[in-house]
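> Using the sequences and the hints, build the whole thing.
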Amino acid sequence: MDLARSTWLLEGLLERTPGTRHALVLSRDGLKLCHTPSLKADSADHLAAIAAGVQSLAHSASVEFGNGGGGVRQAMAEFYGGLLFIVEAGAGAHLAVITSDEADPGLVGHNMNELVEQLGEHLSTPPRATTGTV
Amino acid sequence: MHSTTSEPTADPVRSLPSTVDQALKIAVVGGFGVGKTTLVRSVSEIRPLNTEETMTRAGDGIDDLNGVEDKHTTTVAFDFGRITLDATSVLYLFGAPGQQRFWFLWDRLFSGALGAVVLVDTRRLGDSFYAIDHLEAQRTPFVVAHNDFGEGDHGLEDIRAALDLDPAVPLLRCDARDRTSAKGVLIALIEHVRSLVAEAAR
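Chains as they are written, first to last, in my numbering: chain B, 499 to 632; chain U, 102 to 303.
No lab work stands behind these hints, which were simulated from the structure alone.
Here the structure is a predicted model, which means the values were calculated and not measured.
Virtual Cβ for every residue (Gly too), placed ideally from N, Cα, C.
Some hints here could point you the wrong way.
[Unchecked claim] The following label-pair restraints were derived from C-beta to C-beta distances: (1) Asp171(U) with Asp500(B): 23 to 33 Å; (2) Glu292(U) with Asp500(B): 54 to 64 Å; (3) Arg514(B) with Gly162(U): 31 to 41 Å.
Quick look at the structure:
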């Protein structure tokens, strides 16, 4: 993944979506891949772990209560002071966005999905090689 | 290999008996890759809630696979399983993810827990220090189970010394893949908690 290009894409997402504060691409096992500069490294680490957990639980909800189609379209949390949106990005990755209270949830979701559709292949991380030693 | 359970479809899914009036929460903790998900899966009588994700290359150099080279997936939220003890009691099992980046989840998972199982692997004993320190600080009763995958090559007393474990904390051996063995760990924890309660009442 080209870090500079991906970061630039995320910044573009924030620019065209009012109320958004941070954007982060994370691996499905909970590690940050790239994020907007608005997010400090520690917060990015934390958000990556949170978003991986939320998406995984949302997936379990989909398996238990969905129509069997599998997959999660979007996970969202609304808290005092903002919202968290997460969508599946490229293979093995998720896109998370934090917004203020003022953001329009429909627009945020739409713009996130649009970004993923256009550029999903840039926002991915492959599985680890089978030999485990690093 | 390590994450296969001995009897994956051992018990048909059982519904909770209506006589159950005592729900006990148990936390399963320990370092990365020690077998927590496997243990919950082995003993659960319901389809366990599964939040395992494929490990990606982003984890190279962060999630250390030394000694667990066959590991391909890792828990990112928590494991959840259930086992009915008798007509009135049911255990709810919550398995925490092992890596440091998920430690913030632990306090919530532990709250209200009757006790905890700390799984250890002698190849990576240091990974369990955080769990043990955390439980001691919270005064949550716990037992330590050495997941030896059926091949006991370390003396339990050596492990107790290496972990600097309080003599009062039960330490036993288990094979997390084996339902009976994993169940034995939970029973040891319940007995330990029971004896602590009896002691306190004296």
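> Now look at each hint and say whether the structure bears it out.
Results for each hint:
1. Roughly 32 Å separates the CB atoms of Asp171(U) and Asp500(B), a value that falls within the hinted 23 to 33 Å.
2. Against the hinted window of 54 to 64 Å, the Cβ-Cβ separation of Glu292(U) and Asp500(B) comes to about 57 Å, which satisfies the hint.
3. At roughly 35 Å, the beta carbons of Arg514(B) and Gly162(U) sit within the given window of 31 to 41 Å.
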